[in-house]
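Novice: Chain residues, written in single-letter form:
Protein chains: 2
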Amino acid sequence: MHPTDHDDQEHTMTSTFSRTEPGASAAALAELLSTIDDWSVDGDELLRVRSDRSGWLVEGLPEVVIRVTSADEVSRVLAFATLHRIPVVTRGAGTGLSGGASAGEGSIVLDVSSLNRIHQIDPENQIAIVGPGVITADLDRAAAAHGLRYAPDPASAAISSIGGNIATNAGGLRGAKYGVTRDAVLALTVVLADGRILRTGRQTIKGVTGYDLTSLIVGSEGTLGVVVEATVRLQPVPVETQTVVAFFDTVVDAAAAATAIGLARLQPSLLELMDGPTLHAVDDAQGTDYHRRGTAFLVAQTDGFGASAEIERITAVLRRGAREVTRALDPIEAEELVRARRLALPSIETRGRVLIEDVVVPRTRLAEAFLGIQQIAQESGVQVFVIAHAADGNLHPIILLAAEEPSEREWHVAGLIFELALRLGGTLTGEHGVGLLKQRWVRGELGETGSAVHAGIKSLFDPAGILNPGKSF
Amino acid sequence: MHPTDHDDQEHTMTSTFSRTEPGASAAALAELLSTIDDWSVDGDELLRVRSDRSGWLVEGLPEVVIRVTSADEVSRVLAFATLHRIPVVTRGAGTGLSGGASAGEGSIVLDVSSLNRIHQIDPENQIAIVGPGVITADLDRAAAAHGLRYAPDPASAAISSIGGNIATNAGGLRGAKYGVTRDAVLALTVVLADGRILRTGRQTIKGVTGYDLTSLIVGSEGTLGVVVEATVRLQPVPVETQTVVAFFDTVVDAAAAATAIGLARLQPSLLELMDGPTLHAVDDAQGTDYHRRGTAFLVAQTDGFGASAEIERITAVLRRGAREVTRALDPIEAEELVRARRLALPSIETRGRVLIEDVVVPRTRLAEAFLGIQQIAQESGVQVFVIAHAADGNLHPIILLAAEEPSEREWHVAGLIFELALRLGGTLTGEHGVGLLKQRWVRGELGETGSAVHAGIKSLFDPAGILNPGKSF
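Residue numbers (our numbering), protein chains in the order written: chain H, 1 to 473; chain X, 1 to 473.
Bound-form chain H, shown alone:
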């Protein structure tokens, strides 16, 4: 069903396999691959899967990329890998931002992007059953035909796949009101490391039979099993959405306004904050003039039957501290205003390679976090842009790199930002995952007992330690 490119590559394959030490013999792996529809040992392909969108590379080359076409294939590959203790790195769209899908020396890459069927949309029960390779925006579009949507809305929705969203428990712009990926996943079919098929959860909205294995798998970054099917909840598309933007003199004023919106007991469906450097980057790339209107920008949306009434209340709160407040008069103007936020990352990326961070602080510490990051940037001479999902205290400090790879100084800045977040009562990662990038800090956050329990769960699910080793926990 997909073009296979192994026919003319037997030589490459053999030479690659000769590196296997320890692991399967070339003969054993060749025997496995003889039962697999679609795989590749093409050099470019092996280079490609060494990294994800974070750009993080690991040492060495993987053995082979298997583009699986069924749960049964996944099961056979994992059973084989467990038997021979070969690392398996599951990969979907490869849009991760923490190196979670980066595959290293001697590993089998399990590319699940061909498991991209929307098996069912049940508009009456508001659920969908999908393969992990389905692009998030495609599911959203399919649901829209029934007045529904897939509520989690990662900024990467147009390019990321549901499997990756599940692996990282992806958040997104609607998170504070509508929750994150974990809140939308009702059931999973998971292939365990030894090849057994585990079905978690249920097709109903509620259910408490047994332990919540669904939530355990969501966010486990491919270290506990391979998701081959997911049942997700769909939500009604709101009847109306309203938008307001505000420009502030300082990022502290903007953060204070975000906090004030929460204290007024208002619930924006979107509340995004961008700092001055980000506004400059957007202006440079898009030809806008945001930075002349203020040094920080907040965009808020409300939705549902009360969208108009609620946006008025939010507008009133914003007027207290902002230099300029603009209500969108129609959906086109609204889209234009939100566009500034959606284009922020691509705009910054026109300046060079970036390292995208993802810390969370309690909402009331948002201003301190912005100031702390500013200070870290100034003292280190490294340029940092900050975008925040302000309603849940999730900041994305974006570190502009001087070269293709982060330097020691740039890593040091990332570390200072993590430490700042923890000091403010926050966490290392809100929605991108630990991956490889945050390995140094993860045990500190989990604590000794937490780390021990994590290790126990990892051994239970994956006794040979083959699943995405070195990632997440």
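A few of these clues could be false.
To be verified - Taking CB as the label site, the calculated pair distances span:
id, chain 1, residue 1, chain 2, residue 2, range
1, X, Arg409, H, Ala264, 51 to 61 Å
2, X, Arg443, H, Arg443, 27 to 37 Å
3, H, Gly147, X, Arg85, 51 to 61 Å
4, H, Glu333, X, Glu312, 24 to 34 Å
5, H, Ser459, X, Glu368, 38 to 48 Å
6, X, Gly470, H, Glu312, 51 to 61 Å
7, X, Arg443, H, Ser34, 33 to 43 Å
Just so you know, the hints here were simulated from the structure itself, not pulled from any lab data.
Computed from a predicted model, the values in this text were never measured in an experiment.
Backbone N, C-alpha and C define an ideal beta-carbon position, used for all residues, glycine too.
Given chain H's structure and the hints, the job is docking chain X onto it.
Specialist: What follows is chain X alone, placed relative to chain H:
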């Protein structure tokens, strides 16, 4: 700090301990108790903790009831119990409906109801930190002072405690729109079976560092650890709530209306269905005349800034199939209309002892579930009342018992209802938990691999198998 009643009970204690076989020697247990502030071996107390609100009793008498006053005490008791392999049954308000807190022969009952402090309400970050013994409604009231509420709303809120809500992942009337207990819990402090203290989650709204141990503990019915502190999310109290009730000729019409509300992409904050027998029971107990107005009753609420607009749309949907539709004109009338639902269970209970079931079916199978239960009741000659959280397909069939304990025939009826739910694509329990009541069916729903993974997790957390043995999984 609490009255202790062990001073004059040494004789009882000793005679109780003599039953310990296997377990700690009387001397060892006495040594442990000498370090504990507040415990009892009073006969009435030991009889009381053999059951919860389900009425399910287990064989034999527990050893002792320890009313713990600190996490450190919990830790010492569990370490002792693991060493001596003594079963520990954690107990809060004792309002469970599945026998989850029923303590049997030779067990230590860990009564956490004294851990009932609201440690902190942080109105800016919209979180609360509470002990497990806090009564759910008390937390809700404390939050209300800040314009906030604890969104999960089990029907037992006035009498159940947060710890029990966490143990069962309690749902409630607002579940379909605002989620269940698991959606509200951000972080837990859990004492593990060996006495170690595990901290899960975080104080921020978002965070994906590590596996979701918080969700794993929520709903685990006291089998994986003892929760001694919880950080929960608080939500704004909606600015407005609107209410409508409808009476129908048949329960099938009412179920169809509930499905139609979902299909119209409306999101009631409450959608409760009661069948004809339940209306009769309410009328008999409360002096109302609901059963003359229809044989099924649906009450819907909307809330938030769009409450009025949304209730109008719901009213229009109801008018299509209902015999009579009444909009509440003010909050007092609304409270009166919702009261019929809140009084349903107490009204049925005036007729005798009941067995309360808790199955879930896909929302579109609601009518079939009602008809199937009616048929089971008719064929068996057992009286069954049905109340449903209609928006999430969660039915509570309430079996009226002929005697104090369920007969074989009554158990058979419960079993037929479970099987019906599973046949309709549903689940055994939506919010009450498996406890003891559903032990016979749980492995069937989890499947072979699911059961094996559950057993592995149980052994990991509780290698000696002391924590609430025989409950949940």
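Novice: Work down the list of hints and note, for each, if the structure agrees.
Specialist: Checked hints:
no., hint, in the structure
1, X:Arg409 - H:Ala264: 51 to 61 Å, "holds (57 Å)"
2, X:Arg443 - H:Arg443: 27 to 37 Å, "holds (36 Å)"
3, H:Gly147 - X:Arg85: 51 to 61 Å, "holds (56 Å)"
4, H:Glu333 - X:Glu312: 24 to 34 Å, "holds (28 Å)"
5, H:Ser459 - X:Glu368: 38 to 48 Å, "holds (44 Å)"
6, X:Gly470 - H:Glu312: 51 to 61 Å, "holds (56 Å)"
7, X:Arg443 - H:Ser34: 33 to 43 Å, "holds (38 Å)"
Against the hints set out earlier in the document, no violation occurs for any number.
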